[in-house]
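Protein chains: 2
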Amino acid sequence: MNDRHLPDEFDLIARYFVPLTKGFPGAFALGDDAAVLHPEPGRDIVATADTMVAGIHFFNSDPPAFIARKLLRVNLSDLAAMGARPRYYLLTLALPKDTDAEWVAAFAAGLAEDQEFYGITLAGGDTVATSGPATLTLAALGDVSAGKALRRSGAQKGDRIYVTGTLGDGALGLAVLQGGLAHLSKAHATHLIDRYHLPRPRLAIGRKLIDFAHAAIDISDGLIADLGHVATQSGVGATVEAARLPLSAAVTAALEKDSDLLVTVLGGGDDYELLFTIAQGKEEQLAALAEDEAVKITCIGRIEAMGGVRVLDAQGAEIPLKSTGFRHF
Amino acid sequence: MNDRHLPDEFDLIARYFVPLTKGFPGAFALGDDAAVLHPEPGRDIVATADTMVAGIHFFNSDPPAFIARKLLRVNLSDLAAMGARPRYYLLTLALPKDTDAEWVAAFAAGLAEDQEFYGITLAGGDTVATSGPATLTLAALGDVSAGKALRRSGAQKGDRIYVTGTLGDGALGLAVLQGGLAHLSKAHATHLIDRYHLPRPRLAIGRKLIDFAHAAIDISDGLIADLGHVATQSGVGATVEAARLPLSAAVTAALEKDSDLLVTVLGGGDDYELLFTIAQGKEEQLAALAEDEAVKITCIGRIEAMGGVRVLDAQGAEIPLKSTGFRHF
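Each protein sequence line maps, in turn, to chains A and B.
This note's numbering runs 79 ahead of the 1-based position in the first sequence.
This note's numbering runs 79 ahead of the 1-based position in the second sequence.
Treat the hints with care, as some may be off.
Short, incomplete list of chain B residues facing chain A, as computed with Cβ under 10 angstroms [claimed, not checked]:
hint, residue
1, A126
2, A163
3, T200
4, G204
5, A358
Every beta carbon over 10 angstroms from chain B, so not counted as near; a handful from chain A, in silico [claimed, not checked]:
hint, residue
6, A185
7, A228
8, R231
Everything labelled a hint here was simulated from the structure, so no lab data went into it.
Cβ coordinates follow ideal geometry from the N, Cα and C atoms, glycine included.
Chain A extracted, bound-state conformation (with noise of 0.2 angstroms):
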């Protein structure tokens, strides 16, 4: 039970992280035991936590600047589900002892490029040992107007469901990175390897929508999971058209080559697009708002008085799906 620090674990805390509390004075460097936030009157704090493992989550190979933006990332994409406004996190890193100072130099770049584009800022954390892969954990506190957080309970029948971008591109890009998709063209492999390191979380819209969708999720277990957990808090049904669906001209050349694929689409996860329901009527506005954030958004489906998630072919006839997608926390 000794050895429970990284060799110069002060060093690379103060060299790397503490700039990274630039601008929060509540995060005192990193000098005291716990961080102190001021919220603002009138607004909710949004909390959420996810761990990323080695060899699980992320490649040990992959680019420490990568994985350090899909943490903070995906954490960030529940906060967008939420309607909420990132503020601040809190980071915990379990490393293993042989984690070189260009590792952790180079993951600490590639927070500071992100919590800068996204306005989130490092509150506090820690950082410890590990005889195993390293396991990295990132709480992420936002803020909402009190009362006005989505939540995935809500939809409504007759409700129009929406996506943000494409679907499927980070599914398919792990199929890459694994090996697979050996016929796509480099531009397109490239595309989805992309999409797969570094999810969009929709920030802008998911605020937008705090006043008019009645339901909202992050597609991070899948079109069919994350859909389902909508009907299941909602108590209603959901169809979705698959020839709706919003696909990247590298998907499409996927898919063209093997449909089958279809189903990674559908239930692979990794996609962080929010998908939310909307009642009827309100195209005109969704259009706005597309063009105001320069984000796709498409209509692929609607909720249901009940019957769980169907989706139909181009002919409308059901299309059978394995139960697929991940489950969490």
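Take the given structure of chain A and dock chain B to it, following the hints.
Coordinates of chain B only, in the frame set by chain A:
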């Protein structure tokens, strides 16, 4: 990158962790993307996080309820050091795939017992599978009157240095678990092991100190290291009189047999007592506080204008110290 989740994870969460959110509607029974907290007007949020790794911070053979309670309590000790009231926590567990339901059940039962006692509630988190040792992270959120959080900085020349409880029990408890101190009585050994397994976060004392302590910290890295943090952050020095250190009967017995263990008492850590500094002349108020809370509070030395941390023996000679104690984020 598949098998990112534990077998039956969803069932384990529903069965063992959802009940820990009871009484907190903002956790949404772990059924949404994030938790939503309503801060009380006029109060700051205090946030801290710690990670414990099997084989490093605890033994795989430790009772899971003790592991859970220690994980919670080390975070509560950080809240205590800021004078904060516990509110909510996020729990992220990376567990080996062969973790059985009994382990999870006992772990959750330990949390249930302590969260009831300390008035804190599970708000959210994540569970994932790992190929390595169990890696457990808890982020605790508390609150405190706005602007009143205790800090490590603020100690002033002439302040008296106080500690709660007794020192060295946790570090010598670890020594017993590692096969040392075989000469101790069964009762003494049991006492020390218990103190190692179960810190007593001094929350009530911490909250009452916000009106008159100049600086505070919880002793997790060891008395010398943590007093050193206070001295550094405050820009002062400190003198400790070894003869004044509050010691349990078990630690006294161990020191009688081997006086070299004083280094472990001073530097071993795992005390989770509060150390704080206060202007001289407050002895009566402190005595009343100690009586109210039924916790021993002992003056062990004083803050000096400069000079680092020195420990004097009963004759006033300086005891040479190796640099001991663990450093962390």
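Hints versus structure:
1. A126: 5 angstroms, holds
2. A163: Holds, because the Cβ-Cβ distance from B:A163 to chain A comes to roughly 7 angstroms (cut-off 10 angstroms).
3. T200: Violated - the Cβ of B:T200 stays beyond 10 angstroms from chain A, reaching only about 12 angstroms at its closest.
4. G204: Nearest chain A Cβ about 5 angstroms off; hint holds.
5. A358: Since the shortest Cβ distance to chain A is 21 angstroms, the answer is violated.
6. A185: 19 angstroms, holds
7. A228: Nearest chain B Cβ is 5 angstroms from A:A228, so the label is violated.
8. R231: 5 angstroms, violated
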